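Line by line, the protein sequences are chains A and B.
Counting from 0, one number per residue, gives the positions in the first sequence under numbering that gives the first Met the number 0.
Counting from 0, one number per residue, gives the positions in the second sequence under numbering that gives the first Met the number 0.
Hints were generated in silico from the structure; no laboratory data involved.
Do not rely on the hints blindly, as some may be mistaken.
Incomplete in silico selection of chain B near chain A, CB under 10 Å [said to hold, decoys possible]: (1) Ala157; (2) Asp168; (3) Val185; (4) Gly190; (5) Asp191; (6) Val205; (7) Pro214.
Below, a list of computed lysine to aspartate or glutamate pairs in the DMTMM-like style, where the Cα atoms sit at most 20 Å apart [said to hold, decoys possible]: (8) Lys85/A - Asp125/A; (9) Lys130/A - Asp191/B; (10) Lys47/A - Asp168/B; (11) Lys130/A - Glu79/A; (12) Lys73/A - Glu166/B; (13) Lys73/A - Glu94/A.
Being a predicted model, the structure only gives us computed values, none of them experimental.
Each residue gets a CB set at the ideal place from its N, CA and C atoms; glycine is no exception.
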Amino acid sequence: MSLTRSFPRILVAMVALIACAPACRAGDDPSITIRVCVVEVLATSQNKNVDEKLECLAKEVQKKDPSLTGFRLKHCAHQELAVGDKVKFPLVEGEVVEVSIQRGPGKNDRVQLTVKPPTMGKIVYDSCCGKYFPIVTRYETKDKERLILAIGVHCCDKEKEKKAHQK
Amino acid sequence: MNQDPIPQPEFQKPESGQEAQEPSHAGLDHLKNDREELAAWLNKHPEEASHLEDLQALVSLCRQSEPSQPSDETWDHVLGGVIAGIGPSAASVGHANPVSGSRTLSYFERGLRSSLMGAAAAAAFLLAVLLPHEKPPTGIEPEIPFLGRGETLPIVDASDVDLMSMEGDDTRLLVVGIPPVNAPLVLVGHGDITLLSAADEYGTRVQMSSGPDAPMIVAPLSKQPGRER
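Okay, chain A solo, but in the shape it has when bound (with noise of 0.2 Å):
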């Protein structure tokens, strides 16, 4: 009798417990945000004018391909993201890069992302917070400039935020 009598409990409880289980997968803690940053940089061969926050990226990308000698920032844009999320931020001459996170930020620290980049496939990767990963893509401008990519993660702790705010 008694079983019978707390077997409603224990339904409810189970269909709880499937519930928040998406919302509990390692790395998805709630306090922690992510943002995503997107540096789009245009490189040319025809000149050697560098902006100076470009100056390491220049340095790395000339290591691959020195006819680039010119790097500019287009345009940088941040957004932030939850777990699931797929976001498109505008590029030059209207094309668009997609950015999705698959998984947040777990006791290592890392982020997994997937990014569409134009004239280019899926590209999935973990990244550490705080730094910029360059994609040289195949795209060029009217100007015959060619799109990089800095795809940047960083990681905010809201409640180390606020206590921060608050003192």
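Based on the hints, put chain B in the right spot on chain A.
Okay, now just chain B, sitting in the frame of chain A:
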């Protein structure tokens, strides 16, 4: 050929000299006609005949009482006064020397003119100061929403605004706020990233560069499918 004759003007300019003083033959005929017309008209209007004698007497009186022309001395005096009234530049141009009386008159006129100008300036200043200035009606005075009267416009600081997207050239124009990228980019190093899968637009696998350099993906410029890097 069949042109009409050009009409002669009715009034002719009187000619100077002896010919003008002596009436011509045509003029005598014209005068004779006028007299005949006048006599006919008086016959028709006898009541007006009595005025003819009075009119003739008046004409003779006017001819007798013709005013004499002013002398050369009088003309010089008037001309000197006119030149003195116009100013020294005109006086230097004129031939006549201004007399002492006209000099006094010029000095007096200058003083009067200066006094009038000073009085006008003072009156304008008093009007500008004393007249109440027109204020814009309070009904159409622009008001900033959510801002009380007398409050200053609050401006955000860098911590109040979060810039989500920005053109690279515009970051230097930013007055308040921090652009999405405000420092040199720090690239990932080895161990910071793990490439799980990557392919180009044709599905061909793309590899991440290896070696001591910073890891990155460099898509080949060649658009031919099947080329693997």
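- Message: Restraint: Gly190/B near chain A, CB-CB cut 10 Å. Satisfied or not?
- Response: Holds, because the Cβ-Cβ distance from Gly190/B to chain A comes to roughly 8 Å (cut-off 10 Å).
- Against chain A, run the beta carbon of Ala157/B and see if the smallest gap drops under 10 Å. Hint on Ala157/B: violated, closest Cβ of chain A at ~14 Å, above 10 Å.
- Message: Quick check on the hint: Asp191/B CB to chain A CB, less than 10 Å?
- Response: Hint on Asp191/B: holds, closest Cβ of chain A at ~4 Å, below 10 Å.
- Does Val205/B pass the interface hint, meaning its C-beta sits closer than 10 Å to a C-beta of chain A? With a minimum Cβ separation of about 7 Å from chain A (threshold 10 Å), the hint on Val205/B holds.
- Would you settle whether the hint for Pro214/B is holds or violated, based on the nearest Cβ-Cβ distance to chain A being less than 10 Å? holds, 7 Å
- Item | Pair hint outcome, Lys47/A versus Asp168/B [Cα-Cα no greater than 20 Å] | At roughly 17 Å apart (the allowed maximum being 20 Å), Asp168/B and Lys47/A satisfy the hint.
- With chain A as the partner, please determine if Asp168/B meets the hint condition of a C-beta pair closer than 10 Å. Asp168/B check passes; min Cβ-Cβ to chain A is 8 Å, inside 10 Å.
- Do the alpha carbons of Lys73/A and Glu166/B lie within 20 Å of each other, as the hint requires? holds, 6 Å
- Is the hinted pair Lys130/A and Glu79/A satisfied, with a Cα-Cα distance of at most 20 Å? holds, 16 Å
- Query: Holds or violated: Lys73/A with Glu94/A, Cα cutoff 20 Å?
  - Reply: Measuring from Cα to Cα gives roughly 13 Å; hence the hint holds.
- Message: Run the distance test for Lys130/A versus Asp191/B: straight-line Cα separation, threshold 20 Å.
- Response: Roughly 8 Å between the alpha carbons, so the hint for Lys130/A and Asp191/B holds.
- Message: For a C-alpha distance cap of 20 Å, please report whether Lys85/A and Asp125/A respect it.
- Response: At roughly 16 Å apart (the allowed maximum being 20 Å), Asp125/A and Lys85/A satisfy the hint.
The structure fails to meet hint 1 from the earlier list, while all remaining hints are met.
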